[in-house]
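Visitor: Just need the whole structure built from these sequences, with the hints factored in.
Line by line, the protein sequences give chains A and C.
Numbering follows the numbering used here, with no gaps: position 41 of the first sequence is 41.
Numbering follows the numbering used here, with no gaps: position 46 of the second sequence is 46.
Think of the hints as simulated: they come from the structure by calculation, not from any bench.
As the structure is a computational prediction, the values presented were derived from the model and not from experiment.
Do not rely on the hints blindly, as some may be mistaken.
As the list claims (entries may be wrong) - Here are a few chain A residues that face chain C, going by a calculated C-beta distance under 8 angstroms:
| id | residue |
| --- | --- |
| 1 | Asp26 |
| 2 | Gln38 |
| 3 | Gly54 |
| 4 | Gly59 |
| 5 | Met67 |
| 6 | Arg90 |
For each residue, glycine too, the CB sits at the ideal point set by N, CA and C.
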Amino acid sequence: MKELKHWEDFEVGQVVSYGPYEVTKDEIIDFARQFDPQPFHLSEKFAKSSLLGGLSASGWHSCAIWMRMFVEGWASKCMSLGAPGVESVRWLKPVMVGDVLRGRSEILEHRTSKSRPWVGLSVMRHECLNQNDEIVMTLLSTQMTRVRGARDE
Amino acid sequence: MSDFHFENIMIGERHELGKEVLTTAAIKKFAARYDPQYFHLDEKAASDSLFGALCASGWHVCALWMSKLVPYRAEAIFTAPNPMEALAAQGPSPGVENIRWFKPAFAGDTLNFYSTIIAKEDWHKPDWGLVKTQAEIINQHGETICSFIGKGLIRKLPNEE
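Guide: Okay, here's the thing in structure tokens:
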């Protein structure tokens with residue numbers, strides 16, 4: 001088994017890519033039923049007659065799908081300590097049935113926590129793209145990763 | 001009659017959207033599909049993590065807020081004096097800002113969901129305005145575990161010409 005990466009193994013400017021993820025009709029409807037039951041996410045018939053011309057995923061569903069890809073591409077490969085938040089999420093284009101999404105994340109800032117030196121902080125800009133290379137969503141977050149040399153307090 | 005148009009949206013009103021008891025099964029179901037990290041999936045491993053116990057994905061908490069907002073808003077729209085007009089005033093959301101996960105949401109927690117309209121801004125399309133809402137998720141101990149700023153486009157009143 002490959003050793004998990006620590007904060008020291010990353011640097012500013014580094015880009016991580018992940019995906020693909022195909023978004024199906026059933027999954028869009030299933031998520032919408034549980035979390036965002038609006039007609040344009042639930043009813044194909046309604047959505048066909050709407051401006052978008054088809055069923056689109058909830059914005060929160062796009063976030064969840066991005067997270068799945070990001071866990072596979074980043075968080076599961078390093079000593080991830082999660083994220084305290086997300087500074088911004090932009091839903092730039094609708095995610096439609098049949099879209100194949102992928103993502104990439106770039107490290108913009110890279111430092112250690114002053115109060116907890118064993119926590120490394122990476123400010124990352126994430127992009128989620130569809131099969132036509134259109135950016136459907138961007139996120140800006142601060143990811144926390146364990147620092148190799150430092151001890152827990 | 002035109003309460004739902006941008007001009008008539010009131011800043012400062014806090015809406016209580018509802019509550020939800022988080023179950024272990026719901027936490028694991030969401031995490032298995034969308035956020036498969038051990039502190040959301042495995043009780044034993046989670047108890048040794050910095051969270052101290054199995055806790056929900058932050059995105060799960062946000063999605064639950066949405067699941068309370070949608071029926072709350074639907075009721076307001078469909079009981080308005082002119083529901084079709086109220087519905088037509090609702091636009092899409094361009095995104096959210098400043099999501100903060102202050103504390104974990106554990107299995108068994110009762111989460112309370114709130115929404116407060118905090119700002120109204122012009123949008124680059126003149127027929128629409130941007131409304132910002134402060135979302136708050138508060139647990140049974142009165143602790144705010146998550147907050148963010150939601151954004152929604154709302155139609156402006158038609159020009160009387």
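Visitor: Each hint should be assessed against the structure and marked as holding or not.
Guide: Evaluated hints:
A least Cβ separation of about 13 angstroms between A:Asp26 and chain C goes past the 8 angstroms threshold, and the interface hint is therefore violated. For A:Gln38, the suggested interface contact is upheld, since its CB lies about 6 angstroms from the closest CB of chain C, less than 8 angstroms. Hint status for A:Gly54: violated, given a least beta-carbon distance of 15 angstroms to chain C, over 8 angstroms. A distance limit of 8 angstroms between C-beta atoms decides the matter here; for A:Gly59 the minimum to chain C is near 6 angstroms, and the interface restraint holds.
The criterion of a C-beta within 8 angstroms of any C-beta in chain C is met by A:Met67, whose closest approach is roughly 5 angstroms, and the hint holds. The criterion of a C-beta within 8 angstroms of any C-beta in chain C is met by A:Arg90, whose closest approach is roughly 4 angstroms, and the hint holds.
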